[in-house]
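Novice: Order-wise, the sequence lines are chains A and B.
So the first sequence is residues 1282 to 1624, counted in our numbering.
So the second sequence is residues 10 to 338, counted in our numbering.
What the hints contain is simulated information worked out from the structure, not anything from laboratory work.
It is possible that some hints are incorrect.
Footprint (simulated), chain B over chain A, 3 or more residues, beta carbon under 8 Å [what the hints assert, rightly or not]:
{"#": "1", "region": "1494-1507"}
{"#": "2", "region": "1527-1540"}
{"#": "3", "region": "1597-1607"}
Pulled a few chain B residues facing chain A out of the computed Cβ check, cut under 10 Å [claimed, not checked]:
{"#": "4", "residue": "L79"}
{"#": "5", "residue": "G264"}
{"#": "6", "residue": "R275"}
Don't be surprised by glycine CBs; every beta carbon is placed ideally from N, CA and C.
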Amino acid sequence: MTPIILQVRNLKKYFPVRANLFSREQKVVHAVDDISFNVTKGRTLGIVGESGCGKSTTARLIANLMPADSGAIIFNGEGVGEIGGLELKSFRKKLQMVFQDSFASLNPRLTISETISYGPMVHDTSKEDAHLQAHDLLAKVGLDPDLFASRYPHELSGGQRQRVNIARALAFNPEVVILDEAVAALDKSVQAQVLNLLQDLKAEFELTYLFISHDLHVVHYISDDVMVMYLGQIVEMGPVEQVYSEAAHPYTRALLSAVPSMDPAHRTQKSPITGDPPNPIHPPSGCRFHDRCEHARAICASLVPALMPVQSSHVVACHMNHPSSGYETSGSDVQYASAGATR
Amino acid sequence: MSAIKPLVSVEHLSLAFTGNRKAQALTDVSFHLHAGEVLGLLGESGSGKSVTLRTLLRLHSERTTQISGLITVDGLDVLALNSRALQAYRGATTSMIFQEPGLAFDPVYTIGQQIVEVILAHEAVNHSVARHRALEMLDRVQIPQARRRFDAYPHELSGGMRQRAMIALALACKPKLLLADEPTTALDATVQIQILLLLRELQKETGMAVIFVTHDIGAAVEIADRIAVMYGGRIAEENAVAGIVQHPSHPYTAGLLGATVDSSHRGKPLISIPGSPPNLANLPPGCPFAPRCTSASDQCRTECPSVVESPAHADLASPPRLACWHPIR
Chain A
1282 MTPIILQVRN LKKYFPVRAN LFSREQKVVH AVDDISFNVT KGRTLGIVGE SGCGKSTTAR
1342 LIANLMPADS GAIIFNGEGV GEIGGLELKS FRKKLQMVFQ DSFASLNPRL TISETISYGP
1402 MVHDTSKEDA HLQAHDLLAK VGLDPDLFAS RYPHELSGGQ RQRVNIARAL AFNPEVVILD
1462 EAVAALDKSV QAQVLNLLQD LKAEFELTYL FISHDLHVVH YISDDVMVMY LGQIVEMGPV
1522 EQVYSEAAHP YTRALLSAVP SMDPAHRTQK SPITGDPPNP IHPPSGCRFH DRCEHARAIC
1582 ASLVPALMPV QSSHVVACHM NHPSSGYETS GSDVQYASAG ATR
Chain B
10 MSAIKPLVSV EHLSLAFTGN RKAQALTDVS FHLHAGEVLG LLGESGSGKS VTLRTLLRLH
70 SERTTQISGL ITVDGLDVLA LNSRALQAYR GATTSMIFQE PGLAFDPVYT IGQQIVEVIL
130 AHEAVNHSVA RHRALEMLDR VQIPQARRRF DAYPHELSGG MRQRAMIALA LACKPKLLLA
190 DEPTTALDAT VQIQILLLLR ELQKETGMAV IFVTHDIGAA VEIADRIAVM YGGRIAEENA
250 VAGIVQHPSH PYTAGLLGAT VDSSHRGKPL ISIPGSPPNL ANLPPGCPFA PRCTSASDQC
310 RTECPSVVES PAHADLASPP RLACWHPIR
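Next up, chain A with everything else stripped away, as it sits in the complex (with noise of 0.2 Å):
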């Protein structure tokens, strides 16, 4: 059995929205609404969901990037700023983040060598052990040292910015990194150069890689596991292939049907789903995804799905699965119901 290196335990996060002037209601978005999932150790777990559905939030929740209402985050078995866990300071060595905007993640003012041994000079190593380790790192992502250790960001061009922060995330010799969005930005030429950067780091330093994305391609490819998420709740998560080839869930079934189809003589006929993501202000209730599934019943709006087995590891919350979730039994009056729930 490979390790768990990372666990999340029920995580909460939700935004208060500045309310109407004349209204008292407080309103929340619910960002990311008690989550729980673990990543083993070697394994890349993508995360994918359409915008808005939280899997950003997750990403900074775990970096510890912003508080979270509630859960914990347990590395290697230790709590994460708990007392008695893992500080935080160490705990920010071993996991790493790279992110989208290549460019808004590197100070401008920073030449390129010494924006990679800023973290490490504030973890204590001296100047010049940091600025020698930078040098290796940048060759290490295929940037010529000499060429580039004295540029600026914006003297480079959007992928070579990317590697530069692929590297800075690899100076502390992390055991996670968070890749979010991180090849979303870039042209596909350049885009195919950076994912297989990223296999050969994986391979060569031993990561964990949790890998967020909106490209379901992308995900297949360089993912051992993945997770669906929708409106800040895990519809499915399982290995990457049982999840691509037998999808339980009738969110991931359209997710993965609504990517454009690469045969001129084999259009795509009809959208697999219809109407935009709901409101994360005020979610559906039930399964969240209820009101754009053609499948949903009245159990659906009104009982939430728990994530279960359909396989050994791959999970799913759908009350379709589960034949004791009364989903057979229901009536398929779901107008009422959820007109009923959400007054």
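Take the given structure of chain A and dock chain B to it, following the hints.
Specialist: Leaving out everything else, chain B in the frame of chain A:
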């Protein structure tokens, strides 16, 4: 076939930005489009695809751009239009939808007001007729509860709804040519496919011609009849969709297809194109793709290939075209 005049013809279009940041954005771009056709312009950032589209609507500041060449749309010499004729041309003959409908709409007017304004500006109808037409358009683009959304402000709509409203606005005066500048890029996958299907349906219904700019081959395959691949401000290859996807002739097209990730790549390294896209302020003397091309010769590095029609398919209305010294057979 060649007796029928194309709706759009762009000939030897070159464009240079001469402001603070100089760049040769387009070099000798030529293409034709017949009524009812959908052309996909495919390319990476900086390839000139959006610039081409904006030039068709003359959206660039005249002070800082230098344009040469000829653009004819529906018999009009677009580059020679005076400002009044240009106003009539924009919106009525040709209209455009943008990547960010949130930025394209005026935030202080309702969606309905903005569509009504367009109809009133182009047609001699009274306000109630225009209002009726605007409501009809909102229905046509499948906005639920169109009557309520008519009075909504842009920020009150979701991204997908806003893009639908944008399409309603663009089609309100029945243009002959619709320019679509990455209209689905900012949308989620499940919404993107809905918008693509809607555009395809409306295109069939109205018979308008569409130029669809995208960096996503999948989106282009879903909507286009023909695809023109652009690189470094030039057209590299143009062919029917099936030809581009199944038998790419230009090494760049082949590289782009190879770099597009799909399930069959799992566990294998991706075939990527080395290097990065060219700097438009400092283009290489020969083929713009030569520095990244694996089959580049000395000729490629010094002499730029021109776009040549394939002699084997000269009988077609739009034969495949290619600009490469060493095409893939």
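Novice: It remains to establish, for every hint, whether it holds in the given structure.
Specialist: The hints, checked one at a time:
Counting residues of the region 1494-1507 of chain A whose beta carbon lies closer than 8 Å to any beta carbon of chain B gives 7, which meets the minimum of three for the stated coverage. With a threshold of 8 Å between beta carbons, the proposed coverage of the region 1527-1540 of chain A by chain B holds, since 4 of its residues qualify and at least three are required. Residues of the region 1597-1607 of chain A with a Cβ under 8 Å from some Cβ of chain B number 0, which does not satisfy the need for three, so the listed coverage is violated. Here the hint on L79 (chain B) is broken, as its CB sits about 31 Å from the closest CB of chain A, past 10 Å.
Annotation: interface hint on G264 (chain B) holds; nearest CB of chain A at approximately 6 Å, less than 10 Å. The beta carbon of R275 (chain B) is positioned within 10 Å of a beta carbon in chain A (closest approach about 6 Å), and the interface hint is therefore held.
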